[in-house]
Amino acid sequence: MNIHTYEKAWLAASLLLIVGFIVTITYGSVGLGIAMIDDSEDTIEPDELDEDERFAEPRVEQVGENEYEAYVVARTFFYNPDTVEVPANSEVTFYVTSGDVIHSYSVVGTNLNTMVIPGEVSTMTAEFDEPGEYGVICNEYCGGGHHDMEGQLHVVPEDEFDMTELSVEAPDEVELGDDATFEVTVENGQLDDLETTIDLEVGNETIEEAVTVAGQESETTTIDVDTADLGEGDHDWTVTVDDYDESGTLTVAEELEAGDDDE
Amino acid sequence: MSETYIDRFPAEAKVVRSAFYGSFLALAIGGLMGIIQTLHRTGYYRFIDSADYYTVLTAHGVFLVISFTIFFLVGIFTWAITTSLDREVEDIRFTWGWYALMAIGITLTGIAILAGFTDATDISSSVLFTFYAPLQAHPMFYLGLVLFVVGTWLAGADWFRSWWAWKQENPGERIPLPTFMVLTTMIMWYIATLGVATAILLFLLPWSLGLIDSVNPTLTRTLFWFFGHPVVYFWLMPAYMMWYIMLPKVSGGKLFSDPLARVVFILFLVLSVPTGIHHQYLDPGIAEGFKFIAMTNTMFLLLPSFLTAFTVVASMEHGARQRGGTGYFGWLKALPWRDPVFSGMALAGLMFAAAGFSGMINAGMNINYLVHNTFWVVGHFHLTVGTGVALTFMAVTYWFLPQVTGKALWSRSVGLAQVVTWFVGMTFMSNAMHRAGLLGIPRRTAEPLYEGFEYSAVVGSVGELQAQIALGGLLLSLSLLLFFANVIGTVLNGKSDSLPANEYAGTLSGPEDSPRVLDNLKLWTGIAIVLVIFAYTFPLLSIIERGGLFGPDVIEYVPISVDSLPLLVGAIELVFANTLAAIGDGGTALLEGVTR
Amino acid sequence: MSQATEKPDGTGTPEREISHDEYDPVGTAALIGLYFLILVALWIFMYFVEFLGNDPTVIGSLMVGIA
Numbered sequence: 121m122n123i124h125t126y127e128k129a130w131l132a133a134s135l136l137l138i139v140g141f142i143v144t145i146t147y148g149s150v151g152l153g154i155a156m157i158d159d160s161e162d163t164i165e166p167d168e169l170d171e172d173e174r175f176a177e178p179r180v181e182q183v184g185e186n187e188y189e190a191y192v193v194a195r196t197f198f199y200n201p202d203t204v205e206v207p208a209n210s211e212v213t214f215y216v217t218s219g220d221v222i223h224s225y226s227v228v229g230t231n232l233n234t235m236v237i238p239g240e241v242s243t244m245t246a247e248f249d250e251p252g253e254y255g256v257i258c259n260e261y262c263g264g265g266h267h268d269m270e271g272q273l274h275v276v277p278e279d280e281f282d283m284t285e286l287s288v289e290a291p292d293e294v295e296l297g298d299d300a301t302f303e304v305t306v307e308n309g310q311l312d313d314l315e316t317t318i319d320l321e322v323g324n325e326t327i328e329e330a331v332t333v334a335g336q337e338s339e340t341t342t343i344d345v346d347t348a349d350l351g352e353g354d355h356d357w358t359v360t361v362d363d364y365d366e367s368g369t370l371t372v373a374e375e376l377e378a379g380d381d382d383e
Numbered sequence: 006m007s008e009t010y011i012d013r014f015p016a017e018a019k020v021v022r023s024a025f026y027g028s029f030l031a032l033a034i035g036g037l038m039g040i041i042q043t044l045h046r047t048g049y050y051r052f053i054d055s056a057d058y059y060t061v062l063t064a065h066g067v068f069l070v071i072s073f074t075i076f077f078l079v080g081i082f083t084w085a086i087t088t089s090l091d092r093e094v095e096d097i098r099f100t101w102g103w104y105a106l107m108a109i110g111i112t113l114t115g116i117a118i119l120a121g122f123t124d125a126t127d128i129s130s131s132v133l134f135t136f137y138a139p140l141q142a143h144p145m146f147y148l149g150l151v152l153f154v155v156g157t158w159l160a161g162a163d164w165f166r167s168w169w170a171w172k173q174e175n176p177g178e179r180i181p182l183p184t185f186m187v188l189t190t191m192i193m194w195y196i197a198t199l200g201v202a203t204a205i206l207l208f209l210l211p212w213s214l215g216l217i218d219s220v221n222p223t224l225t226r227t228l229f230w231f232f233g234h235p236v237v238y239f240w241l242m243p244a245y246m247m248w249y250i251m252l253p254k255v256s257g258g259k260l261f262s263d264p265l266a267r268v269v270f271i272l273f274l275v276l277s278v279p280t281g282i283h284h285q286y287l288d289p290g291i292a293e294g295f296k297f298i299a300m301t302n303t304m305f306l307l308l309p310s311f312l313t314a315f316t317v318v319a320s321m322e323h324g325a326r327q328r329g330g331t332g333y334f335g336w337l338k339a340l341p342w343r344d345p346v347f348s349g350m351a352l353a354g355l356m357f358a359a360a361g362f363s364g365m366i367n368a369g370m371n372i373n374y375l376v377h378n379t380f381w382v383v384g385h386f387h388l389t390v391g392t393g394v395a396l397t398f399m400a401v402t403y404w405f406l407p408q409v410t411g412k413a414l415w416s417r418s419v420g421l422a423q424v425v426t427w428f429v430g431m432t433f434m435s436n437a438m439h440r441a442g443l444l445g446i447p448r449r450t451a452e453p454l455y456e457g458f459e460y461s462a463v464v465g466s467v468g469e470l471q472a473q474i475a476l477g478g479l480l481l482s483l484s485l486l487l488f489f490a491n492v493i494g495t496v497l498n499g500k501s502d503s504l505p506a507n508e509y510a511g512t513l514s515g516p517e518d519s520p521r522v523l524d525n526l527k528l529w530t531g532i533a534i535v536l537v538i539f540a541y542t543f544p545l546l547s548i549i550e551r552g553g554l555f556g557p558d559v560i561e562y563v564p565i566s567v568d569s570l571p572l573l574v575g576a577i578e579l580v581f582a583n584t585l586a587a588i589g590d591g592g593t594a595l596l597e598g599v600t601r
Numbered sequence: 166m167s168q169a170t171e172k173p174d175g176t177g178t179p180e181r182e183i184s185h186d187e188y189d190p191v192g193t194a195a196l197i198g199l200y201f202l203i204l205v206a207l208w209i210f211m212y213f214v215e216f217l218g219n220d221p222t223v224i225g226s227l228m229v230g231i232a
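Protein chains in written order, with the numbering used here: chain A, 121 to 383; chain B, 6 to 601; chain C, 166 to 232.
If you are wondering where the hints come from, they were derived from the structure by calculation, not from laboratory data.
Where hints are given, some of them may not hold.
Quick list of simulated restraints, FRET-style, between CB atoms [as the list claims (entries may be wrong)]:
1. GLU452(B) <-> GLY151(A): 31 to 41 Å
2. GLU469(B) <-> ASP354(A): 51 to 61 Å
3. GLU185(A) <-> VAL535(B): 48 to 58 Å
4. GLY225(C) <-> GLY332(B): 28 to 38 Å
5. GLU185(A) <-> ALA472(B): 29 to 39 Å
6. GLU247(A) <-> ASP189(C): 39 to 49 Å
7. ALA472(B) <-> GLY368(A): 51 to 61 Å
8. ALA292(B) <-> GLN336(A): 13 to 23 Å
Where a beta carbon is used, it is the ideal one built from N, C-alpha and C, also for glycine.
The shape of chain A in the complex, shown without the other chains (with noise of 0.2 Å):
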């Protein structure tokens, strides 16, 4: 066959191109790491996700000094959790799944991009070094809302970040002169212990509790307050642990009506 000088010349270039493109590919993962969105997680079933350990409470986890995971499931149209709270300096895995049909998770400006199928699980394991806020969008359409489904990745500063939850125990309506009970649960999501304070203003009444609350444990702690101190009437209070705070009303009555008692 008659190829002409040139055209041979031109063939070799082109392989060189294309070998040259397979090979620039294979740097980036062999030499840079860069993975692929795989099949290394087991199949799910889409009807049954609240039997699954991670999608039954979707969440962030830390798993390790600087290692945490979050567990998203994607729905027409939304992501829960809505807003998935990491902290700088750490590695985080995504597994993200689909209760309906198929959407995507997607990280706007970054390299961050999954398909999400419903019956498999996406793994996405990124470094996150700088703090910053990013948009998630789904960009495989999903059906009438696809536009309006998005979500929020934040990057905090590692002394801004924590994983507390503060939940308090009140009762509305206390008999004047005997004590009201307030039962606060600090729950630590982090692995290092947590040294911090309750603060509890009721009335004109503040007061502190120093709590330690163990790595990825949940600390109550009860506080009396003699409604004597108090007086009759409405009393707005408010329970507040490092960011996180509770507020409520407290009435402190002569006399119960009946059946009313502390909750």
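Chain A is already provided as a structure; the job is to place chains B and C on it using the hints.
Frame of chain A; chains B and C shown alone:
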């Protein structure tokens, strides 16, 4: 008076005309959808609900890349077979039969899509051109596509019949190049459509009829892309055919190399199908190793296009120098730029060379994270099918329409304005789409701006990109109006007796210079099938084993362990046999469903 | 039909005939060489600036299980 196509083949000319008119009708509908989308997405003019945007988009995709492209190509393939074999079709009724099947099929699908605009019926199919489960379309959508594809299969059979008959009467002769191109394209198409036929007949159509409860989304998606990549070559190979056998003549020269043209088409036949997984680089459920194999196959698929670039440009240069052109670059001026048939194809080819680059990026496995499902991809295919193919088809219409009607082109200058406007419009629109994609702006969305964040543009701004997209879209719409004006004007024109003869380019290096083995279609088909088996058997079995044949609810997997080779073959045979059985079952069930 | 007139339709009579052996597509070589250089430059830009500059990127996890 020279012999035009309609003089020599009046009956076939009627088929070609009908194919063209069907194609142009689809182009009009698809184009109308396009401008609605462009103005809606960029925010300049919204008169529909954003939720309905996806119905518009489904129509745009299906009408343009299924109907417009494929009706056009069956027209020119009919021309190519009859002209190069110098032979009428074996049975014109059979020819009309496949045409009718295609027309009925696409009409059903079209109705299923367009019915989504109204609440008068429950029918809708806003699933986009890719119709990924668990999104579900109306059964008519799937059935229409099946009929359309079967129509194209019969078209291929028609052309193979012509070739076999010609071979009996011309033993030992080399296959004429246009026929060779048609046959290799159709073999590739037969292999490619197995994927989508399986997906629809075994799974999606029965599922939409309620005959099965669920499907495995990863499986149907993978079967779609088995077809979804080679379909682009089904569009491209007819355009390449035009560049190889029409463009040299129009340039005033000859095709640089017939043998290399054959090699290119063989490479497409062999390599087009085992690449589909490059559309699924970011899918869970498919191992990285399979994605890497798809990547290397895809990268080598660049080769026939690289070779085409050289051969086609060398053929144009030959014409230019025969017309008196000189110098390293000066010869370009000697080309017949005033002829819209020439300049349309030349501009299409130029734009395709640029498109090739974005394709090289898309082929890259890990760089896909940057561009997957962003507007970049949309920019890419508006350059490739939207210009490389579509503009070529429009340009050659100015030569073919006179040939099949016997009437002169209504206006050469309007034709020239049309091709230039398309090129300019697409430059603005597609360039902006590529840049927008790099910012992370997604494809396939009615509203690309979100509430919770802003895109950060290093160069320019989102607003500037939106403006260019809208401007480009408007220019493209204008170009379409010019095209339709010329088509209608030509059809309404009087008969002409100064039309050129029906012929295609001669060659500098002809088929006598090419090794006989190139014409051994059985060999190349065999190799193509082997490569497909290597690329797809393990991934498909893995998907079925992991997620079940019909999805997670119904664990009915093919009872095969991946290590067992003879059982592997059995599995493939099982799938093929099921396909044939399902055609019968599906047809019966549909009839029952309709007559209830 | 006359082909000698100044019809700009590309199928007019060529000024000269160039045979297979006389023809060296130098113009094509020049254009294709240019194209090659553009491709290399754009690829390097796209991969090393646009892609690698768009981090964070997905990497292999330290804790990836060998299934």
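Quick rundown of the hints versus the structure:
1. At roughly 39 Å, the beta-carbon separation of GLU452(B) and GLY151(A) lies within the given 31 to 41 Å, and the hint holds.
2. Taking 51 to 61 Å as the suggested C-beta distance range, the pair GLU469(B) and ASP354(A) conforms, at roughly 58 Å.
3. Here the CB-CB span from GLU185(A) to VAL535(B) is close to 51 Å, well matched to the stated 48 to 58 Å.
4. In this structure, GLY225(C) and GLY332(B) break the distance hint of 28 to 38 Å, their C-beta atoms being roughly 54 Å apart.
5. For the hinted restraint 29 to 39 Å between GLU185(A) and ALA472(B), the CB-CB distance of approximately 49 Å leaves it violated.
6. At roughly 55 Å, the beta-carbon separation of GLU247(A) and ASP189(C) lies outside the given 39 to 49 Å, and the hint is violated.
7. Evaluation of the 51 to 61 Å hint for ALA472(B) and GLY368(A) yields a pass: the beta carbon distance comes to about 53 Å.
8. ALA292(B) and GLN336(A) have their C-beta atoms about 34 Å apart, which leaves the hinted 13 to 23 Å range violated.
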